[in-house]
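Chemist: Please build the complex by placing chain B on the supplied structure of chain A, with the hints as guidance.
Order-wise, the sequence lines are chains A and B. Residue 76 in the working numbering sits at position 76 of the first sequence; the count goes up by one each step and never skips. Residue 229 in the working numbering sits at position 111 of the second sequence; the count goes up by one each step and never skips.
Source of the hints: derived by calculation from the structure; they are not laboratory data. Heads up, a few of these hints could be off.
[Stated by the list, open to error] Mimicking DSSO-like on lysine-lysine, the simulated pairs with C-alpha atoms at most 27 Å apart in a straight line are:
hint	chain 1	residue 1	chain 2	residue 2
1	B	126	B	279
2	B	318	B	145
3	B	331	A	54
4	B	279	B	318
5	A	33	B	122
6	B	331	B	318
7	B	125	A	33
8	A	33	B	133
9	A	54	B	122
10	B	125	A	54
11	B	145	B	125
12	B	126	A	33
13	B	270	A	33
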Amino acid sequence: MHELPVVNSLVQQLQAEVERLGVAGRVEVVHLKLGALTTFVAEAMTFYFDALTKGTALESARLEVEEVPVVGRCRACGEALTIEGLPFICAACGSPELEITSGRELLIDSLEVRDETG
Amino acid sequence: MEIKIVKKVLEAHEKLAEEIATLLARKGVYAINIIGSPGSGKTLLLERTFEAAAAVLKPGVIEGDIATTADAERLQRFGVPVVQINTGPFGGDCHLAPNLIRAALEELPLDDLDAVFVENVGNLVCPAEFNIGENEKVVVLSLAEGEDKPLKYPLAFHEAKAVVINKTDLLPYLDVDVAVLRENVAAANAALSVFEVSAKTGEGVGAWVDYVKGRLGVG
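Extracted from the complex, chain A is given alone in its bound form (with noise of 0.2 Å):
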């Protein structure tokens, strides 16, 4: 249910941006990245998207969300790593001291606009 609050954001800021960058066409596609150590269920995402933009400028808009997978380093080793699953240590040297460089993202990527004035 968190979501909600979250996508409601992110409507607003969607709202804002099209507003700032004067885009003239109509939104068809929101590309989201999301991470995949995020609890944000993308199935409820694109749920509130498409409630909460009825009406309004995107209605047309569909949001897409592509998951980011959790990479890192090794502290330890400094190995590079994908992480897929549980436990958060290193493959290479089983050390738990991670840095996590994404996976927790929830960004606006880009927007796919169909050109109208044409």
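Modeler: Coordinates of chain B only, in the frame set by chain A:
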């Protein structure tokens, strides 16, 4: 046509959390964000902590609940300043967001405090997601919840610095293997400090209180 944006959705939240962290640092106040399931014993742990450390600790409390002021009332006997946040009478937010924390901090006499304990809304999911400008998150997990919880809710354990395994007095009545639970805690975050306590009997609370004092650098 593709338009590149690359902006954080929670940018406003994160900025606010940073402002709170700066404010707390300036006031010399250490903030502990306590996360745990409903009924895991978060409030009773606070009560025991204040009893044990009354002489050295100058705490304030922010209580987060969807509804009721029951927890704030429980803490009033310690004479500590408590601000109760209710996120909604019939099912509001499942976590405390930084805007609520900032408003609550304005109600606390920060100049007279050395710590703020934030008891988050009972929930192992959403509170893990949102930074509120705290110095550290602590998970309270009761034995009755089962040994698999660190595996099911890894983010909470991953984001925390310590976990308090509560209700050890129930061990004779439960099919929980504490060694397995500890292994699961370590799988989610091997760097966690782990405490086994019974907030009810007081057993093990001393080590937890020493940890808190150490973090605050007091007595």
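Chemist: Indicate, hint by hint, whether the structure satisfies it.
Modeler: Hints, one by one, checked against the model:
{"no.": "1", "hint": "B:126 x B:279", "result": "holds (25 Å)"}
{"no.": "2", "hint": "B:318 x B:145", "result": "violated (33 Å)"}
{"no.": "3", "hint": "B:331 x A:54", "result": "violated (52 Å)"}
{"no.": "4", "hint": "B:279 x B:318", "result": "holds (23 Å)"}
{"no.": "5", "hint": "A:33 x B:122", "result": "holds (12 Å)"}
{"no.": "6", "hint": "B:331 x B:318", "result": "holds (21 Å)"}
{"no.": "7", "hint": "B:125 x A:33", "result": "holds (10 Å)"}
{"no.": "8", "hint": "A:33 x B:133", "result": "holds (20 Å)"}
{"no.": "9", "hint": "A:54 x B:122", "result": "holds (24 Å)"}
{"no.": "10", "hint": "B:125 x A:54", "result": "holds (23 Å)"}
{"no.": "11", "hint": "B:145 x B:125", "result": "violated (31 Å)"}
{"no.": "12", "hint": "B:126 x A:33", "result": "holds (9 Å)"}
{"no.": "13", "hint": "B:270 x A:33", "result": "holds (23 Å)"}
Checked against the numbered hints listed earlier, the structure breaks hints 2, 3, 11; every other hint is satisfied.
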